[in-house]
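> In case you want the letters, here they are:
2 protein chains.
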Amino acid sequence: MKNIIDLVNKKPWVGWLLFLVTAFSIFVVGMLASNIFERRMEAQMVYKPINPISDHETRNEKWGLNFPRQFERYRATRESDTQTYAGGSKKIDELERDPRLVILWAGYGFSKAYYQGRGHYNAIDDMRNIYRTNHEKSPGTCWTCKSPDVPRVMEEIGVAEFYASKWADLGHEIVNPIGCYDCHDTKTMALKITRPALIEAYERQGKNIEDATHQEMRSLVCAQCHVEYYFKGKGKYLTFPWDKGTSVEAMEEYYDEAEFKDWTHAISRAPMLKAQHPGYEVWKTGTHAARGVSCADCHMPYRTEGGAKFTDHKIQSPLNNISNSCLVCHRESEETLRSSVENKQKKIKTLRIQAEENIVRAHFEAKAAWDAGATEEEMTNILKLIRHAQWRWDFASASHGGSFHSSLETARILATSIQKAQDARLELVKVLAKHGVHDTVEIPDISTKAKAQAVIGLDMEKIKAHKDKFLKDIAPEWDKKAAERHDQWDAQSAE
Amino acid sequence: MKNIIDLVNKKPWVGWLLFLVTAFSIFVVGMLASNIFERRMEAQMVYKPINPISDHETRNEKWGLNFPRQFERYRATRESDTQTYAGGSKKIDELERDPRLVILWAGYGFSKAYYQGRGHYNAIDDMRNIYRTNHEKSPGTCWTCKSPDVPRVMEEIGVAEFYASKWADLGHEIVNPIGCYDCHDTKTMALKITRPALIEAYERQGKNIEDATHQEMRSLVCAQCHVEYYFKGKGKYLTFPWDKGTSVEAMEEYYDEAEFKDWTHAISRAPMLKAQHPGYEVWKTGTHAARGVSCADCHMPYRTEGGAKFTDHKIQSPLNNISNSCLVCHRESEETLRSSVENKQKKIKTLRIQAEENIVRAHFEAKAAWDAGATEEEMTNILKLIRHAQWRWDFASASHGGSFHSSLETARILATSIQKAQDARLELVKVLAKHGVHDTVEIPDISTKAKAQAVIGLDMEKIKAHKDKFLKDIAPEWDKKAAERHDQWDAQSAE
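If you read the protein sequences in the order shown, they are chains A and B.
To convert, note that position 256 of the first sequence is 256 in the working numbering; the numbers rise steadily by one, no gaps.
In short: position in the second sequence from 1, add 1000, done, that's the working numbering.
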């Protein structure tokens, strides 16, 4: 210290230098401190609503005024044509990719059109556009998972009444695509179950969904829709078939006991089940669920913008976002992880295609048996085997992500599907022989979607014309009425 | 400091107290230092051979003089009756547990006796005792994996000559159970490949096994034996069928192209393949292999005794030793990990049993078809389907640990086995119908091992008598000759 004082006494410019360096350092520290405070403020602002959200507010963009980051990311589920994995907006035609599906769903709406799921933002558009919905026939229940307007209208007219309505009668009410109000409380932003079917399924199992932890809720809000369900009874009451458990066998037993069928197969006359998308149930059997990893952890990982860390509401395949999802826990390269997942998908796909091949054949062989004069008695067990084989194939295939979420369980289910389809075919050979048919049953040309649809007698021109008429004449009316309602809401809140 | 000096001046006993505390502290530090040095010495001693090991030394207990800890743990593979999982010495009779196996292996030695594998120490005893070996018929190749005497004798008489010998002619040479010399260099203790088949398989693929890293060697020394192999040609030359790859399909194709069969099935007359134990090949397709975890990492984890950390040579199922194996990487409770593995095993088991059921039926239905007058032409493809179905079932079942090492791959393989067996049965129904058989083919009572063995016409009394005679008259002679050789070695090294 003394040396420095001596030096300054000798050379005064050294003193000035020291003064300047010190002053500059203090300035920099001040800047940094300010920056930290600013970022804290920024982080807090994200979670502080400026515009109160009214109890019926189902428009995502209105919530977005308070939560711009979450909203913008949610809105990004609309467009992502460059995306390779599910959750993008590329409209991948699954029937074109695999025309066997047309045969498997003969007599059921899915044979008309089936696309890979797109992002949540597209829910209403896709629902209106798809040939599976019919403005003269579809029930209100079809809307259940498509919009935050659903719980609003359910509250207004009653749950059972909602389901029992005509799809077209609710069309002007259900216009906002899946969004904020579906999973969040308007006041606290806490995660919230808004769909009765999940709450009721819990109740029937003697559980209260309000006991769920926050981490469980980060999966349960998804389980409102990404599950197996059916339309029960004449009132088309949306119900989860979970009363005996959530395994493929437990639900199969449930449906069998209830003597439920989604439709009668147009080729084999089997009483069929359509698996919905039991993603939640299959995920529950896998490693990630066992380790306490929720849906949101991977499909909505945290994201940082500036100083704000928030849940990424661009719900998508983690394969589109490995660095933010997988790499939080896994210390592997993106390529290693991706190829590991794709390797699993490839293996499962070979089993899926094999199961489809068997079941397609079984349907045509059953038809040949009927044509040859087989009796109801001879066919009952065979049709049940076909029903079970296809249910299991569909369960494994429609549980999107199953080959990743729980690859062993998915392979196991497909193996039992293969077994049952082949059992059916074994019986069919015997029945056919009994009725004088010894030759191998020929499968018609189903090498393209159009050919397969022709085989099952679908008049696609007629279906298209019917849909076009709806889109031209009716859908715009719905939008008009909805706009009036929204204007009214705005007028009310301005008062 | 000044205060303390003042205090000591005032109260001299404080000075003595300080002196004593200081002296004691220094003493303790000295003790600790000594302890550390001692432990270092102990740790080093473990790896410092005291007794040089001669180049032909195949007696594990002689190596054990230098490496008592490793040897004692190796020796513990002898006895572990309380063990639940593979690697214990409980002799679990697999044919008794699942008599379908007797049918599946009809016409082949495995139908006589098949036990769950026991620890390495029991290799020679088990080899001599089992009904599958026959002192009048078995070839020398059967010894290949059972003893460190094998590479020694191979060096003396030649590899091809070893394989082409009679099993009984080598019996007096092959007496020490699997041990040190099988995997270690006598001088450097480095891991070493002593079996030609693995080296040759690498060479045919254009690879040099000497390029393997130490971590790879920690799996490759196991892959000398825990793999798929066959006895090629008249010289019974031990060969790995890896030339087209190591997947179940690649090896199947290899065998088909070579028109190789292990035996002709006694019931169906199908040209069969016996899968050995393709544990290494299946492990390679799983997560642990992908993450660079070697066989030794889990089956021979590090163990600490006193100051010595060493590789636990009690090779066993990690499920017997979760805390030292799994918990090194996994932060889960033992119970969680155990039930996760057992859950996988359970799922795979259902598929395995299903595959067996199908294949057993296929064998009997094929026999019925032959009996009804089916032609070679009608049966060729059917028998090939049976061959492939059973090969795949056997591959999945015999790749011990497959449901853990690579559960998806194991399930996939079993699913293809199910498919192929059912395809065979579909064809069989047609052939049977063509020859006037319309009834379901009855399966005889195979509910116990004894009943199943009676069905395939095994004279177990005769087999037992033959083995008893060998154990009474011949085996003791072998031991006598071996003892003389060992005495001679000792005399030589004493010179």
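Hints are computed from structural coordinates only; laboratory data are not their basis.
Small disclaimer: the values here were computed from a predicted structure and weren't measured.
Quick reminder that beta carbons are idealized off the backbone N, C-alpha and C, glycines included.
Honestly, I wouldn't trust all of these hints.
To be verified - Derived pair list, reagent style SDA-like, types lysine to any residue, alpha-carbon separation capped at 20 Å:
| id | chain 1 | residue 1 | chain 2 | residue 2 |
| --- | --- | --- | --- | --- |
| 1 | B | K1430 | A | G286 |
| 2 | A | K346 | B | E1335 |
| 3 | B | K1430 | A | K472 |
| 4 | A | K284 | B | E1335 |
| 5 | B | K1346 | A | K472 |
| 6 | A | K284 | B | K1346 |
| 7 | B | K1349 | A | G286 |
| 8 | A | K472 | A | E253 |
| 9 | A | K430 | B | K1434 |
What the hints assert, rightly or not - If you want the ones that stay clear, here's a sample from chain A, every Cβ over 10 Å from chain B, calculated:
| id | residue |
| --- | --- |
| 10 | I193 |
| 11 | A266 |
| 12 | A290 |
| 13 | T304 |
| 14 | K309 |
| 15 | E332 |
| 16 | Q354 |
| 17 | N358 |
| 18 | L426 |
| 19 | V429 |
| 20 | D490 |
> All the hints need checking, so say for each whether the structure fits it.
Here is how each hint holds up against the structure:
1. This hinted pair does not check out: K1430/B and G286/A have alpha carbons roughly 41 Å apart, beyond 20 Å.
2. With a CA separation close to 32 Å, the supplied pair K346/A and E1335/B exceeds the 20 Å bound.
3. For the proposed pair K1430/B and K472/A, the alpha carbon gap of about 56 Å is over 20 Å, so the pair is violated.
4. Between K284/A and E1335/B the CA atoms are separated by roughly 18 Å; this keeps the pair inside 20 Å, and the hint holds.
5. Restraint check for K1346/B and K472/A: not satisfied, since their Cα atoms lie roughly 56 Å apart, outside the 20 Å limit.
6. The hinted pair formed by K284/A and K1346/B meets the criterion: a straight-line CA distance of about 17 Å does not exceed 20 Å.
7. Distance restraint check for K1349/B and G286/A: the Cα-Cα separation of roughly 18 Å lies within the 20 Å cut-off, and the hinted pair is therefore satisfied.
8. A hinted pair counts as satisfied when its Cα atoms are at most 20 Å apart, and K472/A with E253/A does not qualify at roughly 44 Å.
9. For the given pair, K430/A sits about 11 Å from K1434/B by alpha-carbon distance, which is consistent with the 20 Å threshold.
10. Residue-level check passed: I193/A sits 28 Å from the nearest beta carbon of chain B, beyond 10 Å.
11. Even its closest Cβ contact with chain B, about 24 Å, leaves A266/A beyond 10 Å, as expected for a residue assigned away from the interface.
12. With a closest Cβ-Cβ approach of about 7 Å to chain B, A290/A is found to fall inside the 10 Å limit, against its non-interface label.
13. No Cβ of chain B approaches the Cβ of T304/A within 10 Å, the least distance being about 26 Å, so the stated non-interface status holds.
14. For K309/A, the non-interface assignment is confirmed: its Cβ lies about 25 Å from the closest Cβ of chain B, beyond the 10 Å cut-off.
15. Against the 10 Å criterion, E332/A falls within the reach of chain B, whose nearest CB is about 8 Å from its own CB.
16. The Cβ of Q354/A sits about 6 Å from the closest Cβ of chain B, inside the 10 Å cut-off, so the non-interface label is violated.
17. With a least CB separation of 8 Å from chain B, N358/A falls inside the 10 Å interface cut-off, contrary to its annotation.
18. Not every Cβ of chain B is farther than 10 Å from the Cβ of L426/A; the closest lies at roughly 6 Å, contradicting the non-interface assignment.
19. Some Cβ of chain B comes within 10 Å of the Cβ of V429/A; the nearest lies about 4 Å off, and the non-interface call is violated.
20. A cut-off of 10 Å between C-beta atoms confirms that D490/A is not in contact with chain B; the least separation is 53 Å.
Consistency note: the structure conflicts with the earlier hints numbered 1, 2, 3, 5, 8, 12, 15, 16, 17, 18, 19.
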